[in-house]
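Q: For chain F, the structure is supplied; the task is to place chain V on it using the hints.
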Amino acid sequence: MMQSAGSIAAVRGWGDVTAASRGAAQEGLARGRLVMKGVSKRFANTVVAALEDINLAVEPGEFVVVVGPSGCGKSTLLNIAAGMLRADGGTVMLDGHPVDSPGPDRAMVFQDHGLFPWLNVSQNISFGLRMSGATREQRDERVEEVLKLIQMVGCARKLVHELSGGMKQRVAIARALVMDPALLMMDEPFASLDAQTRTLLHQQLQEMWLATRKTILFVTHSVGEAVRLADRIIVLHAHPGRIRKEIRVALPHPRKFDSADINELAKQVRGEIEEEVNRVNREMAGDEWQPKASGDVGADLVDMGGGI
Amino acid sequence: MWALILLTWEAAFRLVEWNVSLFPAPSHVANGLAELFKVRPLTGSRPLIEGPIVSLVRLSIGFAAALAIGGVIGLLMWRFLEFDKMVGPLLLGFQTLPSVCWVPLAIATLREDETRILFVVVMGSFSAIAIALRDGLRMIPPVFQKAGLMLGADGWRLYRYVLLPASLPAMATSLRQGFAFAWRSLIGAEMLFVVMTNQGLGLVLNVAQGARIKASAAQVVAVMMVMILIGMSADRLIFAPLQRRVRERFGLG
Numbered sequence: 001m002m003q004s005a006g007s008i009a010a011v012r013g014w015g016d017v018t019a020a021s022r023g024a025a026q027e028g029l030a031r032g033r034l035v036m037k038g039v040s041k042r043f044a045n046t047v048v049a050a051l052e053d054i055n056l057a058v059e060p061g062e063f064v065v066v067v068g069p070s071g072c073g074k075s076t077l078l079n080i081a082a083g084m085l086r087a088d089g090g091t092v093m094l095d096g097h098p099v100d101s102p103g104p105d106r107a108m109v110f111q112d113h114g115l116f117p118w119l120n121v122s123q124n125i126s127f128g129l130r131m132s133g134a135t136r137e138q139r140d141e142r143v144e145e146v147l148k149l150i151q152m153v154g155c156a157r158k159l160v161h162e163l164s165g166g167m168k169q170r171v172a173i174a175r176a177l178v179m180d181p182a183l184l185m186m187d188e189p190f191a192s193l194d195a196q197t198r199t200l201l202h203q204q205l206q207e208m209w210l211a212t213r214k215t216i217l218f219v220t221h222s223v224g225e226a227v228r229l230a231d232r233i234i235v236l237h238a239h240p241g242r243i244r245k246e247i248r249v250a251l252p253h254p255r256k257f258d259s260a261d262i263n264e265l266a267k268q269v270r271g272e273i274e275e276e277v278n279r280v281n282r283e284m285a286g287d288e289w290q291p292k293a294s295g296d297v298g299a300d301l302v303d304m305g306g307g308i
Numbered sequence: 309m310w311a312l313i314l315l316t317w318e319a320a321f322r323l324v325e326w327n328v329s330l331f332p333a334p335s336h337v338a339n340g341l342a343e344l345f346k347v348r349p350l351t352g353s354r355p356l357i358e359g360p361i362v363s364l365v366r367l368s369i370g371f372a373a374a375l376a377i378g379g380v381i382g383l384l385m386w387r388f389l390e391f392d393k394m395v396g397p398l399l400l401g402f403q404t405l406p407s408v409c410w411v412p413l414a415i416a417t418l419r420e421d422e423t424r425i426l427f428v429v430v431m432g433s434f435s436a437i438a439i440a441l442r443d444g445l446r447m448i449p450p451v452f453q454k455a456g457l458m459l460g461a462d463g464w465r466l467y468r469y470v471l472l473p474a475s476l477p478a479m480a481t482s483l484r485q486g487f488a489f490a491w492r493s494l495i496g497a498e499m500l501f502v503v504m505t506n507q508g509l510g511l512v513l514n515v516a517q518g519a520r521i522k523a524s525a526a527q528v529v530a531v532m533m534v535m536i537l538i539g540m541s542a543d544r545l546i547f548a549p550l551q552r553r554v555r556e557r558f559g560l561g
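From first to last, the protein sequence lines stand for chains F and V. Under the numbering used here, the first residue of the first sequence carries the number 1, and numbering increases by one thereafter. Under the numbering used here, the first residue of the second sequence carries the number 309, and numbering increases by one thereafter.
Heads up, some of the hints might be wrong.
[Stated by the list, open to error] Quick list of in silico lysine-lysine cross-link-like pairs, BS3-like style, CA-CA up to 27 Å:
1) Lys158(F) x Lys454(V)
2) Lys256(F) x Lys148(F)
3) Lys37(F) x Lys454(V)
4) Lys256(F) x Lys267(F)
5) Lys245(F) x Lys256(F)
6) Lys148(F) x Lys158(F)
Everything labelled a hint here was simulated from the structure, so no lab data went into it.
Here chain F stands alone, though its shape is the one from the complex (with noise of 0.2 Å):
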């Protein structure tokens, strides 16, 4: 997988790409260092700022998951890291490079899986490398290579409406990591999935990401899965969104999810952003909402305000 990463940026045709990542390569170092530094933006017809200062370092290799209630902006600093949307104020630089539009080193993962119906499950994936020019025997051993990583060899021909939810999203998952990209971002891949689904694809997630070491930056209302997964979890704070608070997560990988040590710290995570969840959903509900009294909320905030 690895190895691979120099012809097929060359097969991609990007030059200055492939330049980056093989002169990143010589010093030694790994790609998909993100740095972002006092990112702000503001939608049209709102009062309050959806990011405000937003000060953020990722380094290469490292999974990163911001957690924040609904409508705290998470969403908003994903798309601004991927160059879908542009910050007012601020620098995004990835690998040394600024990030003001879609580039080929960074590819996404999204809710709602966004695989094309009209392609068949290895179309999909060979979707990215297609409109990069690859030829069609490198898109061919890519796709298989790819298709073993998710162990879906048996499902290349298979239509997208013929998969279930969580072969879905190893779909879009595939689809991502055969571009070979510096950066990938998850934008709360996992939300729509029962959570049996869920649990095997943090886990599949994990070994995929051990796998390729890929620098993953993840988005999620929910902290059980920011404990799971994450090196490092960033806490947005809501209306304006910024930077609440970092928690790194020392726990070695991989990680057993039933662990007492991850209940633990899922526990205490919990209690941290407590006070943020109610206070947004004060803000929200108006004088009627009432604090849950404290250890009670445990289970609700896996699901910190989703359903609002």
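A: For chain V alone, kept in the frame of chain F given last:
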């Protein structure tokens, strides 16, 4: 079931002896049908052979023009909200207007009956095509566009490789809708504009009624049956299967 109804009908007719021109029996309609396949001494043509051909050629031209015009307008309405706000309600109004209402305008502005017929076909169907296309395009999930952009489909490639295939269900619906409107408009126009050298089905229907022969009602019913058959076959054999195939591929059920 239908056979039974027809048989009872025929038997009832034989027993009571109704007036043929008022209420023809199935056998009269069959005779009328046969008559219309024979060469007419006056014009030297076979109405039910040449008629459908003339009509289908006109339909192809008119429908193609309507698709081009309706397609462009539908696309613009989807892409530019201001444009949609401006012309959307008007097109919806056009859609409610019976297509024969375009006939006087065709007479007032165009000289050739042939072009007048095409005008009515286009005006009668382009709005339905445009509206169906716009509505279908609006159903495209925004995530397709985002995914395409993130995977390097920028500029025209976003249209060619993402939005165009994503709009296939919309196009299939619009095609089917448009055909139904175009077909109805065509027959109406052909009944009103008499092009003797090129008799379409609509005119054949008119002539059948004016034949002033004993079995004129039978012939009228015969021509109507042919019309229904053509409209139904086109939908059942072309447009409905096309729509079904696209929807199946997309998993839309």
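Q: Is Lys245(F) within 27 Å of Lys256(F), Cα to Cα?
A: Cα-Cα ~25 Å, so holds.
Q: What's the verdict on Lys256(F) and Lys267(F), does the C-alpha distance respect the 27 Å limit or exceed it?
A: 16 Å, holds
Q: Straight-line Cα separation of Lys37(F) and Lys454(V) no greater than 27 Å?
A: The given pair, whose Cα atoms are some 25 Å apart, holds under the 27 Å limit.
Q: So if I understand the rule, the pair passes when the alpha-carbon distance is 27 Å or less; does Lys256(F) with Lys148(F) pass?
A: 24 Å, holds
Q: Within a Cα-Cα threshold of 27 Å, do Lys158(F) and Lys454(V) meet the stated pairing?
A: Holds - the C-alpha atoms of Lys454(V) and Lys158(F) are around 23 Å apart, at most 27 Å.
Q: Holds or violated: Lys148(F) with Lys158(F), Cα cutoff 27 Å?
A: With a Cα-Cα distance of about 15 Å, the restraint between Lys148(F) and Lys158(F) holds, given a limit of 27 Å.
The structure meets every hint from the earlier list without exception.
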